[in-house]
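Engineer: Take a look at the letters that make up each chain.
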Amino acid sequence: MRVALFATCLVDTMVPQVAHATATLLQRLGHEVVVPPGQSCCGQMHVNTGYRREAVPIVANHVRAFAGALSSGVEAVVVPSGSCVASIHHQQAAVARRAGEHGLADEAEALAARTYELSQFLVDVLGVTDVGAYYPHRVTHHPTCHSLRMLRVGDRPLQLLRAVRGLELVELPGAESCCGFGGTFAVKNADTSTAMLTDKMANVLATSAEVCTAGDASCLMHIGGGLSRLRSGTRTVHLAEILASTEESVTPQQGTRPSPSRPTTPTASA
Amino acid sequence: MTAVFLGIPTAPAGVGHLRGDRPFPDAARDALRDGQLRANLGHATTTIRGKRAGVVAEVPDWAQLREAGRALKAATMARLDEHLEELERQVTARGGTVHWARDATEANEIVTRLVQATGADEVVKVKSMATQEIGLNEALEAAGITALETDLAELIVQLGEDRPSHILVPAIHKNRAEIREIFARTIPGVDPGLTDDPRRLAMAAREHLRERFLRARVAVSGANFAVAETGTLAVVESEGNGRMCLTLPQTLITVMGIEKVVPAWRDLEVFLQLLPRSSTGERMNPYTSLWAGVTPGDGPQEFHLVLLDNGRTAVLADEVGREALHCIRCSACLNVCPVYERTGGHAYGSVYPGPIGAVLSPQLTGVEDNASLPYASSLCGACYDVCPVAIDIPSILVHLRAEHVEAQTRTTPEAAAFRALSKAMSSPRLWRLAQRATGLGRFLARGRPTLPATLPPPASAWTRTRDLPTPPRETFTQAWAREHGSQEGRA
Ligand code: SF4
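First to last, the protein sequences are chains A and B. Under the working numbering, the first residue of the first sequence is numbered 763, with each subsequent residue one higher. Under the working numbering, the first residue of the second sequence is numbered 7, with each subsequent residue one higher.
Check the hints yourself; a few may be wrong.
Said to hold, decoys possible - Incomplete in silico selection of chain A near chain B, CB under 10 Å: (1) Val857; (2) Val893; (3) Tyr896; (4) Pro898; (5) Ala948; (6) Ala964; (7) Leu967; (8) Ala968.
By construction, these hints were calculated from the structure, which means they are not laboratory data. All C-beta atoms, glycine included, are put in the ideal place defined by N, C-alpha and C.
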């Protein structure tokens, strides 16, 4: 299948390894990946902060960037971010319509119909749960709010993780509670956000997992940023990075940053 | 005469309790430091959340029931005027008197006048959000009338000279030991050996209230529902104190928000299933009191119904926001809210806290009077999931944020930044340039994996407690174009 990758503004700019991993994974599964170069952002941050008018040109850019892909045989747009897909499905057309841009709204709807969050694409569209990954680590999974409650991805990420060789999956207590990110909420209500993050981190650390994973780089940047500040050894790694790992290509350094600088090869002294 | 349309009036300032004196983030900051509050709330919300989940899960057709509740409310709001007039006709036909109050001030005046007409200087009260909203107790007090709360939790708040922090359990922020202390300090003649055993506490309150029930001549209540076709009012409660108020005094005055009307008697079938399971986590609430007008020789012989607008018509005029009027005040959204669970209700500044408060209070007062509330949410969506009438609270929050942004007449620094970012994000060329600005981050990080913890505002709000990764040298799309050549022609 010919698949277009929407990296999202955050992943593209801050954690490109997540998009690389997504592309690697899709290619390994035998699909052709294209990356429309005009892509930037879905507009979610603008909409959710109250700038829905200013979001309209961003939506237009998104639709423009992927229009060419769709007309050149791309069957699906895959996104390694639940909340961006939720915005594409639930907000883009609505803000365009409110601004009176009905043509744009229709196009956004048509694009949304072919846009999938990574775990949904793998499980529902491709019908795979075992993607042939190898990841010998103790991992816990945070089911981010928008994946859970807006996209209803359910246990798809867990199905995928359970099929990864070497991976020990540990249940996260209080998994369904928000990590406190919430976009600009993390800044506008920094104290409340931090209180929520503290409880999320306590639960992550209680699992003694090496890695906390999720399908949203933004939430991982939040949780990971907190864990890094505490100098905790637990790191955050995007689901795509885990699924992209194989026996031939285990990247011990990977991590949805910040990750401590460490030697690339394990030391022999252990 | 030419009339200038100034918009539909919102709830007036200076009366009632819909506005806080500080923005939410400031009030929350203090609340978050109150360890006892955090412990009490965490315990209470976790318990009630579990109970709710259990009793909702055992109803096989919960989803359909919820949809029925949503549809009934939507249909009712579409013809609210007709239902209210029908309600007035039916209540009047059954011997009650209906009063229309445009706002809190009018409602307070009406109730005060009605109480004064009876000659009483004391009223007993059934727990009611509407009367809290309009500040009725204070208005009565100013007229020399004592209002006595009879709901146990409301009584605790009143005796402690505190404010309610939850719409169902106003004293949720207090634990047993604190309640014992309040009772020991404020109830005259209370047993000096009073312990914090919940039963003993309830008995102490009961003794304190019993005598007042018996001597009360006037009661004031709210209403959970009002059935237009029969003129029936409904109050659901757990303790039975409400029923004492509703049945013993000579005069009953009910203050009800206009959105509480339901068209038909059989609509109660849906709501009386949705409400108790969502609120207290009970299959059925212990007391459901229903009355229509007056019945000679039985119960109050004088009944007044005060229909309160206080900004509700303005809410109804907003296509997106009007869904907030569907609320049946079950409080399920408060109990699951990760923000409410940590800050408690007082931080919201309004008698309506939590997710529903964050969408209702700013609409009742006008969004500029409660501008921080729509932002008091991470948009996690837990409220929408549990709401028994499926109010899409996150969408209303986002809508109100936009209403606030669009109400600004001057360009704020935030608006300037978002506009600039919008320009960049809608042009691939500008976007690539903007992405290059992250080089500044690499400069600041000076080779470290994270940025310094002390960045200037607004970044400091993030970096005070969380590290920010050092941006990479190359974006994904740049790297991809370098490795695969530009796919411009193909994609
Ligand atoms: S908004 Fe919904 S969940 Fe919240 S109190 Fe109202 S009815 Fe209950």
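Engineer: With reference to the structure, classify each hint as holding or not holding.
Structural biologist: Evaluated hints:
| no. | hint | result |
| --- | --- | --- |
| 1 | Val857 | holds (9 Å) |
| 2 | Val893 | violated (20 Å) |
| 3 | Tyr896 | violated (24 Å) |
| 4 | Pro898 | violated (23 Å) |
| 5 | Ala948 | holds (6 Å) |
| 6 | Ala964 | violated (12 Å) |
| 7 | Leu967 | violated (15 Å) |
| 8 | Ala968 | violated (16 Å) |
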